[in-house]
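Here is how the chains run, residue by residue.
Number of protein chains: 6
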Amino acid sequence: MNGVVVRSKKRADARDVAILRDLGVSTTHEAMGRLGLMKPYMRPIYPGAQIAGGAVTVLAQPGDNWMIHVAIEQIMPGDVLVVACTADSTDGMFGDLLATSLKARGGVGLVIDAGVRDVRTLTEMGFPVWSRAISAKGTVKATLGSVNVPVVCAGALVKPGDVIVADDDGVVVVPRDEAARIAEAGRAREANETEKRRRLEAGELGLDMYKMREGLAKAGLVYRDED
Amino acid sequence: MNGVVVRSKKRADARDVAILRDLGVSTTHEAMGRLGLMKPYMRPIYPGAQIAGGAVTVLAQPGDNWMIHVAIEQIMPGDVLVVACTADSTDGMFGDLLATSLKARGGVGLVIDAGVRDVRTLTEMGFPVWSRAISAKGTVKATLGSVNVPVVCAGALVKPGDVIVADDDGVVVVPRDEAARIAEAGRAREANETEKRRRLEAGELGLDMYKMREGLAKAGLVYRDED
Amino acid sequence: MNGVVVRSKKRADARDVAILRDLGVSTTHEAMGRLGLMKPYMRPIYPGAQIAGGAVTVLAQPGDNWMIHVAIEQIMPGDVLVVACTADSTDGMFGDLLATSLKARGGVGLVIDAGVRDVRTLTEMGFPVWSRAISAKGTVKATLGSVNVPVVCAGALVKPGDVIVADDDGVVVVPRDEAARIAEAGRAREANETEKRRRLEAGELGLDMYKMREGLAKAGLVYRDED
Amino acid sequence: MNGVVVRSKKRADARDVAILRDLGVSTTHEAMGRLGLMKPYMRPIYPGAQIAGGAVTVLAQPGDNWMIHVAIEQIMPGDVLVVACTADSTDGMFGDLLATSLKARGGVGLVIDAGVRDVRTLTEMGFPVWSRAISAKGTVKATLGSVNVPVVCAGALVKPGDVIVADDDGVVVVPRDEAARIAEAGRAREANETEKRRRLEAGELGLDMYKMREGLAKAGLVYRDED
Amino acid sequence: MNGVVVRSKKRADARDVAILRDLGVSTTHEAMGRLGLMKPYMRPIYPGAQIAGGAVTVLAQPGDNWMIHVAIEQIMPGDVLVVACTADSTDGMFGDLLATSLKARGGVGLVIDAGVRDVRTLTEMGFPVWSRAISAKGTVKATLGSVNVPVVCAGALVKPGDVIVADDDGVVVVPRDEAARIAEAGRAREANETEKRRRLEAGELGLDMYKMREGLAKAGLVYRDED
Amino acid sequence: MNGVVVRSKKRADARDVAILRDLGVSTTHEAMGRLGLMKPYMRPIYPGAQIAGGAVTVLAQPGDNWMIHVAIEQIMPGDVLVVACTADSTDGMFGDLLATSLKARGGVGLVIDAGVRDVRTLTEMGFPVWSRAISAKGTVKATLGSVNVPVVCAGALVKPGDVIVADDDGVVVVPRDEAARIAEAGRAREANETEKRRRLEAGELGLDMYKMREGLAKAGLVYRDED
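Residue numbers (the working numbering), protein chains in the order written: chain A, 12 to 238; chain B, 12 to 238; chain C, 12 to 238; chain D, 12 to 238; chain E, 12 to 238; chain F, 12 to 238.
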């Protein structure tokens with residue numbers, strides 16, 4: 012059903028959200044069993060931003076940002092706005108005025124499967140956006156969509172309140188009720204990497220550290236010298 | 012007809028061009044009634060450049076930059092070179108030598124629906140380029156095209172002398188004889204935005220500021236609480 | 012034949028490699044007769060890097076980075092790792108741990124026709140990567156490929172030991188036994204450009220400097236004034 | 012969680028499925044309020060097929076068809092196999108042997124967000140496939156995925172047992188428990204179109220039949236004669 | 012300016028239109044000096060259609076087909092409807108009901124830089140369409156555009172009354188006042204090809220027939236035997 | 012080096028070529044160890060063609076078909092013309108006159124990593140073409156390339172005399188001196204499939220026929236019933 016705004020208040024625990032933000036996208040995605048990733052065409056408008064927050068979702072008609080205005084009222088401090096369209100679009104559905112409003116409500120960033128504009132001002136504001144395009148194309152306000160319904164954004168399912176983690180590697184979605192488990196698994200994974208990094212820096216080969224040689228030989232790998 | 016160079020001298024008023032440059036792409040595009048935009052695949056080679064100028068247009072064979080040499084002679088101070096190809100191409104048809112020449116003639120930038128190369132040097136020169144690709148692919152000088160004929164560049168019609176406005180949001184084309192009207196309309200729009208920004212910063216919702224609630228309700232928008 | 016690791020030790024002369032690095036991609040590509048270029052979708056993860064080195068090649072199953080671990084053992088100081096896949100993929104097959112290991116072995120960069128992740132850390136490490144995508148998508152270690160066999164990477168043939176030159180303009184491949192000849196040709200070309208740049212800066216037209224006017228007229232180019 | 016096979020037996024009522032098949036994709040999609048559509052890159056391998064059936068879903072590693080073998084055991088007569096990948100892929104993960112097996116189990120078609128091969132034989136068998144690519148690229152059987160979990164296929168959420176409707180216009184997904192309602196709504200819509208078609212054939216304008224003139228005038232539409 | 016319908020009655024001579032239709036796209040495009048072609052992503056929904064007619068143009072908001080209804084009233088017998096969007100879209104903005112209406116008014120085909128649906132029915136009706144996509148995605152009727160203004164459709168400028176020629180090779184646009192000249196030039200070209208075809212069939216080489224050997228040798232072409 | 016025509020006469024044994032043609036692309040590609048495939052964007056202009064033949068290769072400047080005329084002289088009966096470009100292009104570099112000439116010399120088909128035109132006539136002639144695009148865009152004859160040098164075509168390395176196999180599944184390249192071995196391996200594979208097909212038709216599961224259950228269980232696959 013379309014044309015619905017769901018008032019969603021349930022969010023993951025703020026400490027788990029903070030852990031996921033610090034882990035970043037690649038570690039979180041691995042901790043989830045390599046699931047939950049948006050497609051790699053979603054890129055940040057400037058490098059270095061790293062955020063996590065609860066999703067307020069929008070399903071919009073392409074080229075129509077009416078529902079984004081509706082969604083901003085549903086933002087709680089720390090939330091991330093997630094905009095999906097009913098068909099592919101690169102129109103600039105979000106700009107500096109919407110960012111000003113979203114920021115004033117406590118929103119920490121935008122993930123939009125469409126275009127964004129005013130990127131210079133957004134960069135100066137330090138307001139991070141992950142989008143499929145940068146485009147000045149103006150939009151209309153004519154057709155209803157929905158807010159806080161499950162949406163597919165850039166190939167990933169996002170339900171309201173899910174934790175969105177975004178950094179220079181892309182965007183990953185953690186289901187709200189798995190946030191604690193994933194945060195824990197990610198931390199364990201990260202602890203494990205420090206020691207690995209030290210050994211690799213010292214010149215040890217992954218082949219040895221991960222004990223891959225036997226498996227490779229069993230699979231039939233053959234070495235020979237150049238002619 | 013192909014193989015023609017038109018000596019075009021008519022340009023928009025310099026004050027209007029300066030206003031359009033300061034307004035930038037998104038505001039100018041809105042002031043035009045959301046028309047005139049090039050496709051969003053046109054991206055600047057470095058962030059932060061913001062230009063406007065009269066178009067000298069080139070229609071080139073893909074992978075052949077002979078006519079760009081021809082066009083540079085037609086550049087007047089403040090102009091922007093606009094290169095379109097007769098078929099899609101990403102070849103690097105423009106590099107630092109051409110930029111040196113274009114700059115020496117007073118050209119302020121390049122918009123090319125193809126590739127550009129030597130981007131590190133161009134960045135150091137502060138010579139802004141909007142292109143569909145960065146590519147070292149070398150070009151030939153073998154086939155005639157035309158200079159200062161109407162061209163379709165990245166989906167937009169450009170006539171010689173039209174005002175090209177380009178910044179981090181993309182590229183927009185303002186017909187020469189509409190420059191004054193659009194500059195005025197853009198300024199009015201911008202003045203209007205300052206007050207809006209202040210109110211949004213103070214936490215007022217776009218829903219209220221733009222008086223959208225009634226329209227949304229009439230369209231059938233329904234609110235409900237999360238299960 | 013697949014599942015083979017060739018121990019390749021032959022590299023081009025280090026002085027030629029250094030010359031090619033300083034020439035950069037566009038000049039090297041021109042010196043080769045406009046051949047050897049990878050497709051322009053190969054982009055650096057940060058601007059400003061400029062490298063050259065001998066290729067250690069990997070042919071991998073998409074989404075499987077097992078053979079990258081195998082390849083790192085074959086790296087000699089100054090080498091560049093070149094990863095091709097048997098089908099198009101954007102998966103993040105390489106991250107900061109592999110970069111740490113590759114760097115510890117003396118590798119100077121990565122060229123991968125797939126995705127890369129941990130780009131923020133890689134940027135902080137100053138470890139340059141040219142890739143078709145940035146993606147956190149994790150990979151498996153399940154299927155054999157080959158190391159140091161000829162591969163097609165981003166449309167270019169790369170044989171082990173070929174010289175890879177990469178900068179902001181893209182990536183070009185110089186066959187190992189042509190490195191000396193191309194380095195020489197590139198230097199001659201570059202020397203030639205300094206004088207040209209000076210003349211163009213002084214306002215001379217390419218039309219005159221390259222003596223193009225006669226050729227253009229013979230081809231039928233017509234000049235006329237704007238109506 | 013990955014590596015799971017859910018034995019799903021719940022399907023929509025067969026009569027509703029038959030109605031949806033006869034309505035076809037465009038009408039079904041409209042009856043759903045313009046939702047549920049897969050992206051238009053999903054194309055049939057031959058024209059004229061029109062199917063509907065319950066979804067057995069597969070989430071596969073790109074280039075790995077192990078789980079498709081697993082999924083075929085879960086097929087019930089009348090079902091449609093729906094294959095999604097954890098990253099974009101065009102590999103030919105399905106061919107005539109799998110089609111033979113799927114058909115023998117009662118499967119009526121395949122929807123795969125990847126490639127398919129043996130398309131000539133599949134066409135001769137009358138086995139319909141909607142895919143993003145045709146590719147001979149062979150696959151491995153090395154990595155677990157899941158069967159009958161919710162998946163995102165070509166931008167649409169598909170849950171096991173949902174009704175897949177596919178024809179020359181594309182693929183649409185009807186949630187299992189909405190099948191009856193949508194079938195009904197689609198039939199009403201279709202009945203309504205017969206009369207419209209007759210009137211349009213007779214030369215009546217949509218402008219009049221849909222009473223659009225007033226709305227257009229109110230929106231500000233202006234008519235003028237050609238200069 | 013947007014929101015305008017121009018009542019355009021001027022068309023090219025019907026005999027010239029008929030000649031252009033018979034010449035087809037490739038010959039017409041050559042006769043124009045290799046200009047006027049739409050981008051090759053424009054494909055017919057079924058093979059074998061070959062049409063020519065005067066353009067009635069539409070500039071539409073993506074995903075909104077309101078103006079197509081307006082445009083049909085402007086169709087004269089023999090016309091082709093040409094639909095451009097203000098931003099890229101694949102939505103199915105045209106289906107069998109609109110085709111019924113367009114056909115009833117004498118329209119001979121549709122060229123749309125967006126999607127089309129009901130393609131099976133359109134094929135059965137023998138109503139030819141060239142589009143960038145096939146998509147069931149439904150559209151709204153909410154935003155004004157314009158009819159019979161100059162538009163850029165698939166990279167080509169189309170003015171109302173221009174002659175659209177379309178066949179299996181794509182779509183080409185002939186300016187209305189050049190139709191007679193191009194028809195003549197195309198016929199001359201075609202007459203010339205019959206004799207060429209006969210000689211090539213008899214085994215004569217293009218190298219000899221077109222007397223290319225001297226030019227190739229002068230350009231430096233070298234022959235050598237395989238090692 | 013560019014600007015070279017190599018007179019290449021060495022071809023694989025005609026019986027092996029005939030076997031490879033009958034095996035088709037998917038089986039040949041599997042017999043090669045899943046290598047040698049061109050990218051799946053290479054599509055036939057009509058369904059049902061199935062060819063194999065020795066490659067005469069062309070490396071052309073995009074949009075310039077001069078070297079295709081040169082190459083036709085090098086065709087021996089049974090050969091396939093393979094055209095690669097030095098940069099991506101969709102221009103229609105080949106049409107019915109070139110096909111007439113190629114056919115008259117005994118050529119059996121064309122594989123071109125660019126566009127083709129006159130497809131209706133080519134279809135009527137029964138002259139098969141695999142291309143990346145269909146486009147009427149005319150080409151020039153101005154820049155040298157090479158004939159019968161190794162080229163990269165649609166991501167695959169092709170050396171003169173290699174066997175090109177092409178059908179509805181795409182295009183695969185068999186190195187000339189591996190043709191006999193691959194033909195043999197392909198036949199063995201095919202013989203093996205007939206029995207498999209019979210068993211699958213009878214309802215046996217691939218899970219059982221390929222004895223996959225143990226491997227899946229060992230990898231950790233879990234079955235559970237729907238909630």
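Just so you know, these hints were derived from the structure itself, not from any lab.
You may find that some hints are simply not true.
The list treats identical chains as interchangeable, and a pair is accepted whether it falls inside one copy or across any two copies.
[Said to hold, decoys possible] Below, computed lysine-lysine pairings styled on DSS-like, alpha-carbon distance capped at 30 Å:
1) Lys207 - Lys20
2) Lys50 - Lys222
3) Lys170 - Lys114
4) Lys114 - Lys50
5) Lys114 - Lys21
6) Lys222 - Lys207
Now for the hints, and whether the structure bears them out:
Taking the shortest Cα distances, lysine 207 and lysine 20 sit within 30 Å of each other only across copies (28 Å), while inside one copy they are farther apart (41 Å). For the identical chains of this complex, lysine 50 and lysine 222 are neighbours neither inside a copy (32 Å) nor across copies (35 Å), given an alpha-carbon limit of 30 Å. Taking the shortest alpha-carbon separations for lysine 170 and lysine 114, only the intra-copy value of 21 Å comes in at or below 30 Å, while the best inter-copy value is 36 Å. In the homo-oligomer, the alpha carbons of lysine 114 and lysine 50 lie at most 30 Å apart both inside one protomer (26 Å) and across protomers (29 Å), since each shortest distance falls under that limit.
When the C-alpha separation of lysine 114 and lysine 21 is checked against a cutoff of 30 Å, the pair qualifies only within one copy, where the shortest distance is 20 Å, while the shortest distance between copies is 45 Å. Taking the shortest alpha-carbon separations for lysine 222 and lysine 207, only the intra-copy value of 13 Å comes in at or below 30 Å, while the best inter-copy value is 38 Å.
This entry does not satisfy hint 2, going by the numbered hints stated previously; all others are met.
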